[in-house]
Structure formats: C-alpha cells, structure tokens
Amino acid sequence: MARIKICGLMRMEDVEAVNLYRPDYVGFIFAPSRRHITAGMAENMARRLDDGIQRVGVFVDENREKIAKITESGIINVVQLHGHESDDDVTWLAKRTGVPIIKSVSVRTSDDIDRYRHNPADYLLWDNGAGGSGEQFDWTHVHDVGRDFFIAGGIDISNIEEALKFNPYCVDVSSGVETDGYKDPDKIHKIIDIVRRK
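Under our numbering, the first residue of the sequence shown is numbered 1, with each subsequent residue one higher.
FYI, nobody ran anything at the bench for these hints, they're computed from the structure. There's no promise every hint is true.
Unchecked claim - No more than 25 Å apart at the CA atoms, straight line, and that leaves these computed lysine-lysine pairs for DSS-like:
1) K165 x K198
2) K165 x K190
3) K187 x K165
4) K69 x K95
5) K95 x K66
6) K198 x K187
Generate coordinates for the entire structure from the input sequences, incorporating the hints supplied.
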C-alpha cells in the first residue's frame, strides 16, 4: 500500500486535521514560498503532532549546516531537498543527521528519471520542478527505476487513483488538499481514505 504525505502545514488547525486522519508524512516548508514557516513555528507544530507521523523538512538550496541544525534539534526526522543540491550534499547530510533524505527531481522526460537512478538519497521525489504549484507533470515518464519513490505535482482527489497506478512508495499532496490556500480537513480525509483503500 502506498503511503501519503501532506505537505505545507502552516497552522495548528492543519496539525489537528493530520492528527485525526493520520497521513504517513507531513511536510514543513522552510524554503521561501507561500507555505513557508519558521523553525519556531515548525517546532510548535511538531510538539503537537502525533508521534506516528514522520516530519519532513523541505529545503531549497539551503546551507547544509543549517539543515543539520534544524534536524538535530528534533523538529524534523526526514530531510527533503528540493533544489540543486549535489550528491555530496545528500551524502553529507545523511551521514551527519542519520535521517532519511528525499531528493526532489524535476521530471520533463524519462531521461530525467534515468539520470537520478543512482542518486545517494534514500528516496527520490518525482515532481514538475515547481514545488507546491499544483501542476502535474507527465506521469507516463515514470517507470521502474528499481527503488522507492515519491510522486508529487498536482495530485488531488480527481487524479490520486491514476497516480497510484505508477506504484509510488508515497504520494505527496499539498495544494490538492487546500481550499482558498489553506489545508481543508475534509479533502485531507477523502484523499487519505482513497490511498488507504488501494
């Protein structure tokens, strides 16, 4: 069964919703974006988050010492790199923090997937390149790469079942569970229910 990540938590109401419906992962976005939160905000939310839910910190071209510091503080227990981080950055962070690393890859052709096949990250995340935009990439480029992967980009209730046909380790949803720019508990419930029924 695929796992699910609800990315871009910004409010305590979001924490209440995910505690109720229990996705496998949640994402705190530390990179500049409309869903950006500070480490202090993430720490407050993490304290109230159910222990069974993995806390992913999303970073874009951030200083790796800063990523390590946030991780070592216990706010997050998974690192997601969504920029131009090198294989060396991935390896250094994995060794320094001891937590799983997710490396996001912008997919325009199947060659993009092949190019990252041997990346040292624990997981690869296939996306359209504009994280959090709600725009889907051509999922037909996704093929068996012999490792677990996350899939993101425009996933919502209308296309989650199609995304699941590609056998991802995890589906990563953000704008697809929002109404007027905020996480919608009803949409979170519905999409998690669909994933868990498959």
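These are the hints, each one checked on the structure:
1. Only pairs whose Cα atoms come within 25 Å are accepted, and K165 paired with K198 is accepted, the gap being roughly 10 Å.
2. Using a Cα cut-off of 25 Å, the hinted pair K165 and K190 holds, with the two alpha carbons roughly 18 Å apart.
3. For the suggested pair K187 and K165, the alpha carbons sit about 21 Å apart, so the restraint of at most 25 Å is met.
4. This hinted pair checks out: K69 and K95 have alpha carbons roughly 13 Å apart, not beyond 25 Å.
5. Of the pairs offered as hints, the one joining K95 and K66 holds, with about 15 Å between alpha carbons and a cut-off of 25 Å not exceeded.
6. Taken as a hint, the K198 and K187 pair is honoured in the structure, with Cα atoms around 17 Å apart against an allowance of 25 Å.
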